[in-house]
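Participant: One-letter residues, chain by chain:
2 protein chains.
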Amino acid sequence: MSAPVPALRALVFDAYGTLFDVHTVAALCETLWPGKGEAITRAWRAKQLEYTWQRSLMRRYQDFKRVTEAGLRYACAAAGAPLADDQLRRLMDAYLELSPFPDAREAIAALKQRKLRLAILSNGSPAMLRPLVKNAGLREMFHAVLSVDELEMYKPAPAVYRLAVEKLELPKGAIGFVSSNCWDACGAKSFGFRTFWVNRAGAPLDDLGAAPDHVIATLAELPPLVAAGA
Amino acid sequence: MSAPVPALRALVFDAYGTLFDVHTVAALCETLWPGKGEAITRAWRAKQLEYTWQRSLMRRYQDFKRVTEAGLRYACAAAGAPLADDQLRRLMDAYLELSPFPDAREAIAALKQRKLRLAILSNGSPAMLRPLVKNAGLREMFHAVLSVDELEMYKPAPAVYRLAVEKLELPKGAIGFVSSNCWDACGAKSFGFRTFWVNRAGAPLDDLGAAPDHVIATLAELPPLVAAGA
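Chains A and B, in that order, give the protein sequences.
Residue 795, in the numbering used here, is where the first sequence stops; the numbers in between run on with no holes.
Residue 795, in the numbering used here, is where the second sequence stops; the numbers in between run on with no holes.
Don't take every hint at face value.
Computed Cβ-Cβ distance ranges for the label pairs, DEER-style [stated by the list, open to error]:
#1 A766(A) x V587(B): 24 to 30 angstroms
#2 A766(A) x G600(B): 21 to 27 angstroms
#3 K630(B) x R727(A): 27 to 33 angstroms
Calculated directly from the structure, the hints in this document are not laboratory data.
Every residue gets a Cβ at the ideal spot worked out from N, C-alpha and C, and that includes glycine.
Just chain A, with the same shape it has in the complex (with noise of 0.2 angstroms):
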């Protein structure tokens, strides 16, 4: 017989694609770029990741809105689409307007009520994550918004999760963590935390040592597999 699992007293969330869906940033690359939006896009979040991994492992560590924009710049140039300032920064002042998505609302919602402490872990910087939160008129809802900035390290070091057992004096064992980034939830394994992969696009499992314990397609199933005791 395996040793009972502990509840969870707290539930962590990645901001980025997770809870907030940044459907709203492509859609304005496609009108700035007509024709080359969604390679464009794509080109800029692979860029921006790996300067989060790079700058980390080299310990030459910016801020993620300037991560962010440094990924825009390479991105344009490689497609060959010029970039004014102007137009970055339309791009830019949309992350800090990103709409939740509908599931994330209402899954919220429902753990709130179950009086689950809930909180964002997230590689944006304060400055990109104060106004997107509160914004979204969600700030009531958690207890904490983490970033990484203080570290100075990107997901997914040890030292970014620690931040979350940290902040919310709980146990590793007592906190779940849900990201839509299959490599953040095989980091949040990896340190210790129960997770949840918000597979919402159908990808496949990364291979990192570390399996998420739950692959979900949307929020939506979150509250009731918590309830069961997940």
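Chain A is fixed; fit chain B onto it per the hints.
Facilitator: Frame of chain A, contents of chain B only:
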């Protein structure tokens, strides 16, 4: 007046894509999965590198052979392309018999004549690098063939570049580093090497807080540049 630049006494090369042409692997992908070869090759390379960065940050090292295999499995799953064991083996075997770029052979011979100590520093595991260099008939050209494997940490972590300092027993300032991966050249520059980015594809510069000292289009430009005191 700025201080004179000390003469280079050694040149350290990245392997895959820098000295060795991975084109045959891409061609084999197209043979195995007609019409999907390019997409699979691109996704494979991207995932292979992501895994190196993510696993380094997670402290869950797995050697480059296994990371490369895992990247291929992911790429095939994402493309809906079945991957049989013997197909995986053929592709991994192709990695052991890559040809050096024509400009690589000539540059190595020219640099060797100038009494420069030459080395390879690669993410590749020793079991991948040893046959690769031997099959190309280049073993006697290199003072050392160094793998990150003994560190259990991938590029661009500074510890990787430090390995070359230790094995070559030369100060940082006397070592030049050559890579076709901009982020690798940036990592080496950030560590303290004089760096040469071989920008074969005409890609934009990565913004990683440490730009390469020299950007060249092919390795043929390297010997005259070094001769001129670069």
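Participant: Compare the structure with the hints numbered earlier in the document and write down the numbers of the violated ones, lowest to highest.
Facilitator: none
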